[in-house]
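Residue numbers (my numbering), protein chains in the order written: chain A, 22 to 604; chain B, 16 to 201.
Hint data in this document are derived by calculation from the structure and do not stem from the laboratory.
Only a predicted model underlies this, so the values are computations on that prediction, with no experimental measurement involved.
By construction, the Cβ of each residue, glycine as well, lies at the ideal position given by its N, Cα and C atoms.
Hints may be right or wrong, so weigh each one.
FRET-style restraints, in silico, Cβ to Cβ [as the list claims (entries may be wrong)]:
#1 Asp557/A to Glu114/B: 55 to 63 Å
#2 Ala314/A to Ala65/B: 53 to 61 Å
#3 His511/A to Glu188/B: 49 to 57 Å
#4 Ala314/A to Val125/B: 40 to 48 Å
#5 Lys226/A to Leu85/B: 48 to 56 Å
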Amino acid sequence: MTRQMTGAKMVVQALIDQGVDTVFGYPGGAVLPIYDEVFQQNSIKHILVRHEQGAVHAAEGYARATGKPGVCLVTSGPGATNAVTGLTDALLDSIPIIVLTGQVPTFMIGSDAFQEADTVGITRPCTKHNWLVKETDKLSDVIHEAFHVATSGRPGPVLIDIPKDVQFATGGYNAPKPSTSHYQPQVKGDMEAITELVAALETAKRPVFYTGGGVINSGPEASQLLRELVSSTGFPITSTLMGLGCYPASGKHWLGMLGMHGLYEANMAMHGCDLMINIGARFDDRITGRIDAFSPKSKKAHIDIDPSSINKVIKADIPIVGDVGHVLEDILKVWKSRGRKTNSEAVAKWWGQIEEWRKVDCLKFTQGPKTIKPQHALARLEALTKDHDRYICTEVGQHQMWAAQYLNFEDPNRWMTSGGLGTMGYGFPASIGVQMGHPEALVINVAGEASWLMNMQELGTAMQFNLPVKQFILNNERLGMVRQWQELLHGERYSHSWSESLPDFVKLAEAFGAKGILCSDPADLDDAIMEMINHDGPVLFDCLVEKHENCFPMIPSGKAHNEMLLGEADTQGVIDAKGSVLV
Amino acid sequence: MSALKLKKGSTSHSAYNLRPTFSDVIEKHTLAVLVENEPGVLARVIGLFAGRGYNIESLTVAEVDHQGHLSRITIVTTGTPQVIEQIKAQLGRIVSVHEVHDLTVEGPSVERELAMFKVAGQGDKRVEALRLADIFRANVVDSTLETFIFEITGAPEKIDAFADLMRPLGLTEVARTGVAALSRGD
Numbered sequence: 022m023t024r025q026m027t028g029a030k031m032v033v034q035a036l037i038d039q040g041v042d043t044v045f046g047y048p049g050g051a052v053l054p055i056y057d058e059v060f061q062q063n064s065i066k067h068i069l070v071r072h073e074q075g076a077v078h079a080a081e082g083y084a085r086a087t088g089k090p091g092v093c094l095v096t097s098g099p100g101a102t103n104a105v106t107g108l109t110d111a112l113l114d115s116i117p118i119i120v121l122t123g124q125v126p127t128f129m130i131g132s133d134a135f136q137e138a139d140t141v142g143i144t145r146p147c148t149k150h151n152w153l154v155k156e157t158d159k160l161s162d163v164i165h166e167a168f169h170v171a172t173s174g175r176p177g178p179v180l181i182d183i184p185k186d187v188q189f190a191t192g193g194y195n196a197p198k199p200s201t202s203h204y205q206p207q208v209k210g211d212m213e214a215i216t217e218l219v220a221a222l223e224t225a226k227r228p229v230f231y232t233g234g235g236v237i238n239s240g241p242e243a244s245q246l247l248r249e250l251v252s253s254t255g256f257p258i259t260s261t262l263m264g265l266g267c268y269p270a271s272g273k274h275w276l277g278m279l280g281m282h283g284l285y286e287a288n289m290a291m292h293g294c295d296l297m298i299n300i301g302a303r304f305d306d307r308i309t310g311r312i313d314a315f316s317p318k319s320k321k322a323h324i325d326i327d328p329s330s331i332n333k334v335i336k337a338d339i340p341i342v343g344d345v346g347h348v349l350e351d352i353l354k355v356w357k358s359r360g361r362k363t364n365s366e367a368v369a370k371w372w373g374q375i376e377e378w379r380k381v382d383c384l385k386f387t388q389g390p391k392t393i394k395p396q397h398a399l400a401r402l403e404a405l406t407k408d409h410d411r412y413i414c415t416e417v418g419q420h421q422m423w424a425a426q427y428l429n430f431e432d433p434n435r436w437m438t439s440g441g442l443g444t445m446g447y448g449f450p451a452s453i454g455v456q457m458g459h460p461e462a463l464v465i466n467v468a469g470e471a472s473w474l475m476n477m478q479e480l481g482t483a484m485q486f487n488l489p490v491k492q493f494i495l496n497n498e499r500l501g502m503v504r505q506w507q508e509l510l511h512g513e514r515y516s517h518s519w520s521e522s523l524p525d526f527v528k529l530a531e532a533f534g535a536k537g538i539l540c541s542d543p544a545d546l547d548d549a550i551m552e553m554i555n556h557d558g559p560v561l562f563d564c565l566v567e568k569h570e571n572c573f574p575m576i577p578s579g580k581a582h583n584e585m586l587l588g589e590a591d592t593q594g595v596i597d598a599k600g601s602v603l604v
Numbered sequence: 016m017s018a019l020k021l022k023k024g025s026t027s028h029s030a031y032n033l034r035p036t037f038s039d040v041i042e043k044h045t046l047a048v049l050v051e052n053e054p055g056v057l058a059r060v061i062g063l064f065a066g067r068g069y070n071i072e073s074l075t076v077a078e079v080d081h082q083g084h085l086s087r088i089t090i091v092t093t094g095t096p097q098v099i100e101q102i103k104a105q106l107g108r109i110v111s112v113h114e115v116h117d118l119t120v121e122g123p124s125v126e127r128e129l130a131m132f133k134v135a136g137q138g139d140k141r142v143e144a145l146r147l148a149d150i151f152r153a154n155v156v157d158s159t160l161e162t163f164i165f166e167i168t169g170a171p172e173k174i175d176a177f178a179d180l181m182r183p184l185g186l187t188e189v190a191r192t193g194v195a196a197l198s199r200g201d
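So here's chain B without its partners, still in its complex pose:
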């Protein structure tokens, strides 16, 4: 016990004691952030996540409205409900951010990701890879005598499943775009 009867290893020797007291269930949320398409805007967004210690599971960004100078950033993040609310509020106060939408809570939404897989193999393994690709509706976009490149689109879980199947068949390289998402209906 220390001088002030503080538990050893507590944060009390630090000047801070900011342990959250609300729910500690970790949730995964997909956020759509409409931003001014200007230099440095992506750095502002990811700098916020890095600086405040938030998680980024996936992030995609591209201009979506050339005339309006708007880009759309889709971020998949995890955190307690309080942290998710903070992330949204912190994003909202970046001056270059126009709108923040939490697609996970704002009704049903569709999530898609594109991935490319390079699979190297010969004989049966090569045939099996091709057959599985067909089942997953993956396209062959490049082929040599020893390799295929498959292109697959779908929800992240589907792409994970395809990756699991390709691994024993000679998966050598993966490129994934990260999630793009839209809310359904109006």
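The following block holds chain A by itself, in its conformation from the complex:
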């Protein structure tokens, strides 16, 4: 049924019909007609952010924590260009978001009008797809198709650029219907390849599941099927940063995260396995380390919904294009029908080897009486919050890796971090989006002080909308990861990796009307964390930590999985060698 209405009203109507309840945005000249419609309705909550980058990250956080697409509304020109970082972040992490941008009227496009930018041109490489809508009659169909594209296949960000005259003009509105466009990605895997993988599962001596964000994106059912497959085969499982929570950290087959700062046992298992089952991961360079020494003796199966991920970096022996949930369902079906076989004797021996690696206890640290170690702060945060309905966001850097190492994730959609793009400033706005999706939950953003300052203006958003997000800042007054690389690779020349003139975070919180907590003494830490949890409102927790702590384990760039640095002792020789070079 087609109804007549203005383009601006169509935008709001289409969002309502798509089941959208929350929009993150910032008004401006080229979107005023849409904001006028937002004003005259109560179905959709609009969250006024303080910067368009914050709007996109908030929408990402909302999408990752709820499994529904996130929606942003921003103006033309600078509104759109400010959204670019968020769009790129969502593209690399495959997060479904829909960004609506205003544009100058169609008759002014190309005239260098006020706040004009070539938005579709600028965002073409950082969206999954984008549209410039020049006719009001086409607007509703484009918006519905945008939701289809953002959420189908490998999810990703889309953008719709809407000129102001198209918003004012009246046209026909079509309600959503199942997409008839040619874009219909394949979800079922090839049964022949699935059977080949099952045969490999039956005979593998040293198998390992290597899972990633694709499991989370496939939906909670995929995580359930994964858990069933892991527990019934008894094979070890590791995950990328993006996939944390798809298998519970308390599960007995869990090896912990793998990769550059992954656990020793996880990386050694990847290096030594004879069958690697990649489920929804993409052999990122943070995972593989040196490619020609990556897991040299294994047969590799790769399940991915995006055909371009397969054979991009690592050659797959058993490639399976399809949705993780659908493929896992078929794997289980075939494996069960063939008698649930595994080479249990060999796998038991493999576990024996893994237990040996575990004894290395690669995450051990010693907390002294004086300064708080960042690892200790996170271990205490874990202990004091694990029984809560908890969601964790992070910024980017050392704190992010420590959070991945020391916090435990039992379920999918509980962990929001910028994995692919590594966007400092992601976590705080993301936590606002998560809290909007889960108003009653405990939402914590584990941050570094430098990352947090990149989008600190969003404290105004948290206050205005009463979002009790907890900002847990591990403050080492350093760009810790940069500092660590400079120490290990650049002769300890700490070029611009520390901040002077940091704000007093307690006063900063208070200036916005939020609560600030300062903690520097290990003896006060638990009480301070409890105070943060129990405060009903946004909290800025300034945790002063050891300034020169390095993040271990670490696979240096260009090294293989079995060449990990486990701690300061390993770098000692390295630093000596470097010293002699300098002399």
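Given the structure of chain A, go ahead and fit chain B onto it with the hints provided.
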């Protein structure tokens, strides 16, 4: 040797180490890409090649199905087998792309290109140019007392050969369309 005993000049000081480990033989492939005929679609395709560092040797594009809003882009590209596979997969995931065909591997195909050559000269050279054009079945589409414009159609190699012959005879300008290609038979 640096701190981590990394070879000087290796990529290891960078965060990336993505040197391909598969076959390094460079192959030339002709791809036929059917795309939605909409604004910006060509930019999506060439942006992909530019952004990911793939080569374009030639590219042609035109609408081929007005009712179905489809255009056909013919791209001649070079790369290792792995890169060619990546190019096809990356093209395939552009939302506006309907079909990707690798004419080089999908059986025999016919490739043609049209070119125009302006040749300026007098006397023997002018006569010789005309005679060679006849041998190559090139047509004269414009003529002044000092210049010819030849139109020639054929496989790119034939056009290259004609260009080589025209150069000493006063070749002043060339326009080439790039390759259009179709697979043979059904």
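Results of checking the hints against the structure:
1. Asp557/A to Glu114/B: 55 to 63 Å: Holds, since aspartate 557/A and glutamate 114/B (Cβ atoms, about 57 Å apart) stay within the stated range.
2. Ala314/A to Ala65/B: 53 to 61 Å: 32 Å, violated
3. His511/A to Glu188/B: 49 to 57 Å: 53 Å, holds
4. Ala314/A to Val125/B: 40 to 48 Å: 45 Å, holds
5. Lys226/A to Leu85/B: 48 to 56 Å: Holds, at about 51 Å.
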